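Chemist: Chains as they are written, first to last, in the numbering used here: chain A, 5 to 294; chain B, 2 to 263; chain C, 697 to 1012.
Please note that the accuracy of each hint is not assured.
[Claimed, not checked] Derived CB-CB ranges, DEER-like: (1) B:R189 - A:R91: 16 to 26 Å; (2) C:T832 - B:R79: 50 to 60 Å; (3) C:A1008 - A:D187: 32 to 42 Å; (4) B:G135 - C:S1002: 42 to 52 Å; (5) B:K172 - C:K808: 29 to 39 Å.
Bear in mind the hints are in silico, worked out from the structure with no lab data behind them.
Quick caveat, the model's predicted, so the values are computed rather than measured.
Just so it is clear, CB atoms sit at the ideal spot from N, CA and C, and this is done for glycine as well.
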Amino acid sequence: MAEFLQFLSSGLTVGSVYALVALGFTLIYNASNVINFAQGEFVMLGGMSTVFLALAGVPLPIAALIAVIVTTAIGLALYRFAIEPARDASAVSLIMITIGASIFLRGLAQVVFDKRFHSLPMIFGAEPLRIGGAAVLPQSLVVLGGATTIVLLLWAFIDRTILGKAVIATAVNRLAARLVGIDTRRIIGLSFAISAAIGAVAGVLVTPITLTSYDVGTLLAVKAFAAAMLGGIGSALGAVVGGLVLGMLEAFSAGYISSKYKDAVAFIVLLAVLLAMPRGLLGRGKIERV
Amino acid sequence: MTILETERLSIGFGGVRAVDDVSLIVEAGQVFSIIGPNGAGKTTLFNLVSGLYMPLDGRVRLAGEDVTGLAPDRLARRGLSRTFQNLQVFFRMSAVENVMVGRHRHERTGIVADLLHLPAVDRQNRRTLEAARGALARVGLCDVANQQAGTLPYGALKRLEIARALASEPKILLLDEPAAGCNPVETRELEGVIRSIVKDGVTVVLVEHDMRLVMNISDRIHVLANGRTLVEGTVAEVRSNSAVVEAYLGVHGAREAGRAVG
Amino acid sequence: MNVRALMAHRFAGLTVVSAIVIVLPFFFPSAYYYRLAGLVLIFGLAAVGLNLLMGFAGQVSLGHAGFLGIGGYSVAIGATYLAAPPWLCILGGAALSGLVAFCVGRPILRLKGHYLAVATLGFGVLVTIVLTNEATWTGGPDGMTVPRLMLFAWPVHGADAWYWIAAITFLIGGTLALNLGDSPTGRALKAIQDSEVASSMLGIDVSYQKLVIFVISAVFVSIAGSYLALFNGHITPDISGFLRSIELVTIVVLGGMGSIVGSLLGATILVVLPQTLTVLHEYEDMAFGLILMGFMILLRQGIVPSLMGWFAGRRS
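The following block holds chain A by itself, in its conformation from the complex (with noise of 0.2 Å):
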């Protein structure tokens, strides 16, 4: 029982930064289209910038506040620069795209930054608790809180503001939307930064955790774009559910089965997914009409 805790309690634990990450790729694909692989590096730098603020003496939490506000500011330059110059392309274009840009980012942190691993202090101490017989650590609640958190500011975002129903407007029909006079382009740039602020605070949580590295992010796009697929790309609720699902199949499979797989189980869930339920499990499907 304890070890079930225990797998249960990391697997949601790393499964809330793939639903974060996810939910950052599902609003920017239900804006735009665009499946952004950049995501991961969004996370990576969140981290790494909080890492090299702090190492240049700067107070954590000012730290962790300008790396998220960094990353922002590379989210938008990247819908900016990158994605709005090429808004005709194909979809298959702009994933190039944005796996260009993701390198791109790689690269800029292996030379801004280093290619060691670092960490962060954890904030209630690195004591675990005793839940049931498991060890959790106090961070992990920190994930969890904060994830759940972002989910519901978000959700009140979407919900209950004007500018959250125009991102909606804009997700279901881009024209439409130009024709009642929202500011697409502004929306869409707005997606963008939002994720890429969601991403940068999901880093900064599970630094601590997980520890960071200039390549961390491709993986964890990957993964995390698994996720979405998984609970149904374009939902946002299934982002979140797809996201702490998958974490939970890679601790309870490294578990049980083999640890040296673990990463396999994302892209077996992705392969699995896309061949078998396309719509993933709570996503909804279009008729193509000729």
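Assemble chains B and C onto chain A, guided by the hints.
Modeler: Just chains B and C, lined up with the frame of chain A:
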């Protein structure tokens, strides 16, 4: 001989029956027209017959053989061909290349021969090119053979699709609104093309809105409204049927039309 | 025959390339240049393979480097554990890649657009993970050494020998690819790109055509992978990694989709550029990312088709 038959064909999209219980029989060598107001289900019926949609109910028979649910390429190999309302032209290829693709089912070389470009491939390419040029000539597009299809005007593209479909030497040809967007001169030319196709023994099934073309050329007309069969008969029978007029113009419009003609 | 007709013939480009390939070694000051050119030709071959899938059939694969891995490790494992002659391993690897492509392609090619792209990505990464984990066979993340190629008891060594082997294979591969362009299969593939519906309606079995070209492209890439392993004398799981797959795609995109000569040009740029910029070695990833983004945003067609379009425009 019956070349095409549908029996109680039905399909629905999200609760709406786009085609509901449609049965029709097309005899070989006929020009069989399907008409009806917008949204009546005509193109959907075509999509069902040509294998793009899987019917909810009912059967499709081609020359007596049950072909319900067969994929389009297998229907093509059985002699069915069609054109598309929304122009599925190969825009990046030239006009003659488009029509050459139409010869695909008559081309015999496999992947290995193609990779090695054996002499048979060369000979076949030449035969295919000639046949393609011939089809282009029938629709009057000889002089734009080497032009990229994407640069051709709308009317030419409609004729290109017909040439391409003809190149596959079908037994039965489904034309989806071939006269759409054509001016009267082009429509009259189209009429000539259709007549020459029929003279070669190809059965033509037509979905059209241009009533003059339909009345001039059809042997039988099948009227659809709201996915269901309204009436079927000869040109004279359909023309004088009040239900048909009503379907197009509504009750009020029908009354007005009646008054106009006197 | 006038110049126009000569230029329009499908082998025009490849003939020029052959001439260059034959003449170039006279200008090589050292073995290093043979090595560089050999690498260019090997990657060019892989790119031609991928181009068949991307340029001719219009299907994207972000995981094609997986076949580089299968081809490469077939040679490594076959020669080391099965004492099989490397040339047999090359063929075995190609056959294995073809088989894997057939099995994976059947379900995967039903997907379209970005779903296909991501599925192939998943495939490529899974191959890498398996290669990394099955250390008893593959030597794990550090890889394994690859014995020398023996062609009928003649040990092949020296960058110059490899240059000619790679050159001949590339030219053969290029010829096959160009042949395909002027054939029913080539026309069918081009048609499928523009309208699957219409292609189907003309009797083309779309799934079959896509699968066939997927398998052929896998074989091309597998042979390139085998050559790479034998050439380097060493192989690591990175050979089939995500970044490798992106490099292949970048080469194809740079050179121009559907252009055989373009594939060689793209390979030249991507292999030679990092060598010339050794000073800026640190900035390699940044440069690569910028090149990829730049081309996809500004010059999506690639170099060769853009140049050809520019020439055609000037003449008229």
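Chemist: Could you work out which of the previously given hints the structure breaks and list their numbers from low to high?
Modeler: Violated hints: 1, 4; rest satisfied.
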